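J.: Residue numbering for the sequence shown is -20 to -1, 1 to 468, as defined by mature numbering (1 follows the signal peptide of the UniProt record, and there is no 0).
The calculated PhoX-like cross-link candidates involving lysine-lysine, where the alpha carbons are at most 25 angstroms apart (straight line), are:
| # | residue 1 | residue 2 |
| --- | --- | --- |
| 1 | K33 | K191 |
| 2 | K151 | K189 |
| 3 | K234 | K61 |
| 4 | K191 | K151 |
| 5 | K155 | K64 |
| 6 | K61 | K33 |
| 7 | K256 | K155 |
Hint data in this document are derived by calculation from the structure and do not stem from the laboratory.
Bear in mind the structure is a predicted one, so any value in this text is a computation, not a measurement.
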Amino acid sequence: MKMSILFSLCIFAFPGFSQGRVVGVDEAGFAECNEFFYGETPPEGFTESFHVKICQQYNKEPRFATLYSTEDKTPLYSAFKYRKAAQRGEESWLVEPQIDDPGNDLEEMVHEAVAVGSVNNLGANQALTTDYVDSGYERGQLNPSSLNEDDFQLATYTLTNAVPMTPSLSKSWHKDVEDIVEQALAPHCENGAHLYLVAGAVPSSLKVKDKVSIPEFLWLAACCDAPKVWSVGFLKRSSGENSIEDLSVEELEKQLPSGAHLFKSNCGGGSQSQEKMEAILQTINQIQSEAPIVQTTAGRVDWHMNYQRGQEKHGEGSLLKRVAGIVAAPFTKLLRLVGYVLVEMVRYMCYFLWYVVKQLSNTAMGRLYSLWNGVMSYGKEISTVLVNIPRDVAKVAANIVMGFVQIFQNTLSLIYRILSVPIGLFLHIMVFPLDTVCAIPIVLKDIAAGVGGTCSLIVDATAAVISGFYYIATHLGKKFVPKLSSGD
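With the sequences and hints as input, model every part of the structure.
T.: What follows is the structure in structure tokens.
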């Protein structure tokens, strides 16, 4: 009952529950979530048996797709389409029941507290909130909530979309991705209407609490399916929290597990728009002062040359802007640091107040639950007694009636047995003379039959003796008489 009450409270607090459907092996790609991949084709090369495909849904609508590693307890990548930037909402993290318990009836994602009493082997194949507590790592989203709005944003708060990040790496990663997508990518792809994004993490051998793998590096790949097709990749190493590398998708694929292929037909093949790439590179360089972005040198010389030509066209005006940006950068960073400290203080104060309220509410709920449980138990016992009273009375009455019937039956049986002894003896005495007289003819008949049989036996024996002597005399006569006749 306690689990039911908690589940009801969660429904009231979050009326649109997330649903993360585990896609079956017999379904093509990510099923209804194939729409989040360029050409509806998921990345290739991720084929381990412990990889689980999840179609992340909210209010029964697909929101993004995730490939999850049950061995590393982290997502390998999340694929999504750019919607609209929005402020990050209140965090409400969920877990996926079917990853740990495939036969579970809970198809929708639920809070960890609800899953504890209804999911078998919870945490065997996925990370839990408790794995991050006091670990020094945060739940860093691959698909950032700030790049989504409304239901799409709420759907990102699932542990199947999070990898362990240090607080500084998490902040840097989300800011880099937000700035790159909002300022450099979406404006050059019809405001993101046809922008396909895949954000991923490569697990390392290091694990949080010997369970959840810490990523070796994070990566982001973008493909624009507008009339002018283009693609670009980014890589952020855990050791370089303040830098992010931009590189081609082909170069990014070389950094991923062998055989990785992110976009169908390489996102347009060789027909990518160099004009768009130059504009994107220029925009990225313009935001370097706020979030340094390190470019790889291999295969990117033409990008730098195009950027330098663009800088020469801008002339002295652009140079002055860069100098002013460099001079103002320390003050900007100082203001941002002060703002960050104030925001963190407010955030932790809110966390503290929320913790106090949560503890008080849990205590109150515990007391209410105990009171409710006691009342229900008392009522149940009273109801059981009241319901059983008529049945017990009827049972006693039936036993009394059956007792009288048994006594009456035993009495009749005893009387019958007592009376049957003299009556039987009297009948045998009365019948004895009749039986004796009736037996005389039978006895005489048997005597006569015995005498007749004896006489017949004597006669038969005498006849047999005479016949024997006759046979002997005849045989002897035939044997000796002829010899005498022949002698004469």
